[in-house]
Amino acid sequence: MKCVIAGGNVKVLGRAVHSLSRIGDELYLEPTESGLSFRAVNSSRSAFASFLFAPLFFQLYEPGSAGPDTELFRCKVHMKSFLGVFRSLPSLEKSVGKCLILLKPRASRLVLQLHCKYGVTKTHNLAFQECERLQAVFDTQRCASRLCAPARLLAEAVVHFPPTLAEVTLGTGPGGKISLRNYVEDEAELSKTMVTELWLAEDEFQSVAVAPGSHITFCLKEFRGLLSFAEASNLPLTIHFDEPGRPVIFTLDDTVLEVHLVLATLSDTESSSQSPSTNGVSHLPAPSDDFADDLESYMAAMETSEGCSEGPPSPTFSLHIPRPAKSKPEEEEEEEEEEEEEEGAVPGTPPHKRFRSLFFGSVMTPGRPGPATTQEVLAEDSDGES
Amino acid sequence: MRFRAKIVDVACLSHFSRIINTVAKLAKTCILRLTVSKLYFILSDKIANGGASLWCELSQGNFFDEFQMEGVAAEHNEIYLEFVPENLSRALKTAQSAKAVKIKLTNKHCPCLRVAVELPSLPSSSRIVTHDIPVGVIPRRMWNDFREPSVPDFDVSIYLPVLKTMKSVVERMKNLSNFIVIEANLSGEMNLKIETDLVSVTTHFKDLGNPPWASEDGCQSSAQGRDLESMAEACIDIKKLQQLLAGQQVNPTKALCNIARKRIVHFILLHEEVSLQYFIPAIA
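Just so you know, the sequences run in chain order A and B.
Note that my numbering numbers the first sequence so that position 280 is 280, with each residue one more than the last.
Note that my numbering numbers the second sequence so that position 3 is 3, with each residue one more than the last.
Misleading hints may appear alongside valid ones.
[As the list claims (entries may be wrong)] Straight line, CA to CA, 27 Å or less: simulated DSSO-like cross-link-like pairs of lysine-lysine:
#, chain 1, residue 1, chain 2, residue 2
1, A, K192, B, K206
2, A, K177, B, K6
3, A, K192, B, K108
4, A, K122, A, K94
5, B, K46, B, K99
For the record, the hints were derived by calculation from the structure and aren't laboratory data.
Chain A with its partners taken away, still in its complex shape:
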């Protein structure tokens, strides 16, 4: 794969990387015919972001050749290494004229080359690992509610919450107003924690199409990264959400750029029976009524990679859902064996962990049957090992 980014777009790429760095520790690069995609996921698999840059974004874009049996080359690199190249946005803007990204399958390094002023060229050779495709399973069409607002509005709203705040609840109220409120985990905390709430009028948004009385709770921290990108690029931000428990999807759209941020949301049922279910999210909101701040991963890792030195993928954890799984739940977690058919959801790690909804799915490599489920579910990765 070879691509060249020129001029002001280098800074855009830099900002995208900064945004992704707020999500996860690894940056996934996936060249496709429709552009180069940068993705990240957090360790608990409750946040996923992808930036897809169309070929027009680049001065030169060669995704590489895919044979009939091979796919375009994918890899992942340490976020810190990649971010280090784009660390200082002001200096990117001032001195970098062009950025070249070069990835040769048989090469041992991903090459990032910055062509700067005064004939200076900085070449970074980053170690990478091949990997499976990282893809969250989500569908904005299935979301009952949608809000579109200029990024500035949301930035102004979010500033009232402390930077360390974990979760915020977005809701709809009387008169079409939209509310944002910090989420307090339990009653005992309510008498000790300051609760901040603000209301936005419908006409401050560009478009509002929400199911009345709906609300979702998600992690603010991961959202802030996208918000600063949106503000800088002056693009309106669209929020797609559904019931509590179903993921919330933030999108930014542009002619040359498509950004998605998918965050798990708190589901709010009361009961907490333990039977796992096949689908993580697609079914009813899980009984777990707590927010996992201990973000135990409950999504299967998608990247089982060929050459990867990763450990065994973490199992798919499902929320504790009252209905029995389609497949027999295994009581020892950590391992799903089934691949093709269903996702046998395994009860996640220690039963009292509360989970957020899962929404990850693994896109199987061709030749393997894909997850035989509804879109929202994640397919656990099939990985017999470990």
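For chain A, the structure is supplied; the task is to place chain B on it using the hints.
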């Protein structure tokens, strides 16, 4: 028991926020005492606070456009609330451009101070942000715990040096030692000293001036007979001093301290509309 108040003036809001920020630096939890004419922020000298105490007093008329208070009873027309000043500080932080800030005592699930900030947004409408700060209501029988501390019998009273300078000196000293000796005499000289096994550092200030105190009792008036050069010293926790200085965002009109040899240091910071007293006990 009822309380509602409103600030509309930007300068008043900014000044009030600064006071809250100062208090937040000094106390994790403190008492807010409301009377018809004044607000007090009080920290009593319990062990939990490291023995330091705070008494900060301001006239409500200088800040609030509206102020209505009904105390617990007619003869005791006051309200004492325990709260975390950091919460109020945070609530006011993003309110600096507000059209109005209303504070109200409410009791939904639990007693709260509800701070409602009205921010300008679109030309026609405004945005309201509310912050519910949980408070604890202090029952009448405990009010005696929070009386104004009396001025100690001090040996020396002296004006403080420029706070900014004092702050930077103390901050650097804080890296070297946990305790600082503050000493001063009646000739306007003050020394800040730290001493460790490896190093001792002293900063000397002079020409500070000594405030005249009306001599009510023999103690102060015997100052004339006393040696003007002799230093009264007290060793205090350097962190407390640093917190006091760090919280000062604006230069006070008057800043002085009273040192009772080896017992206590009493700081008085006076601004136009607010007075702050901070008592730091000496380490034995």
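Okay, the hints, checked on the actual structure:
A C-alpha spacing of about 47 Å is found between K192 of chain A and K206 of chain B, which places the hinted pair above 27 Å, so the restraint is violated. Simply put, K177 of chain A and K6 of chain B have alpha-carbon atoms about 25 Å apart, close enough for the 27 Å limit, and the pair holds. Straight-line distance between C-alpha atoms of K192 of chain A and K108 of chain B comes to about 14 Å, which keeps the hinted pair within the 27 Å bound. Pair hint K122 of chain A plus K94 of chain A holds up; C-alpha atoms about 15 Å apart against a cutoff of 27 Å.
With a CA separation close to 39 Å, the supplied pair K46 of chain B and K99 of chain B exceeds the 27 Å bound.
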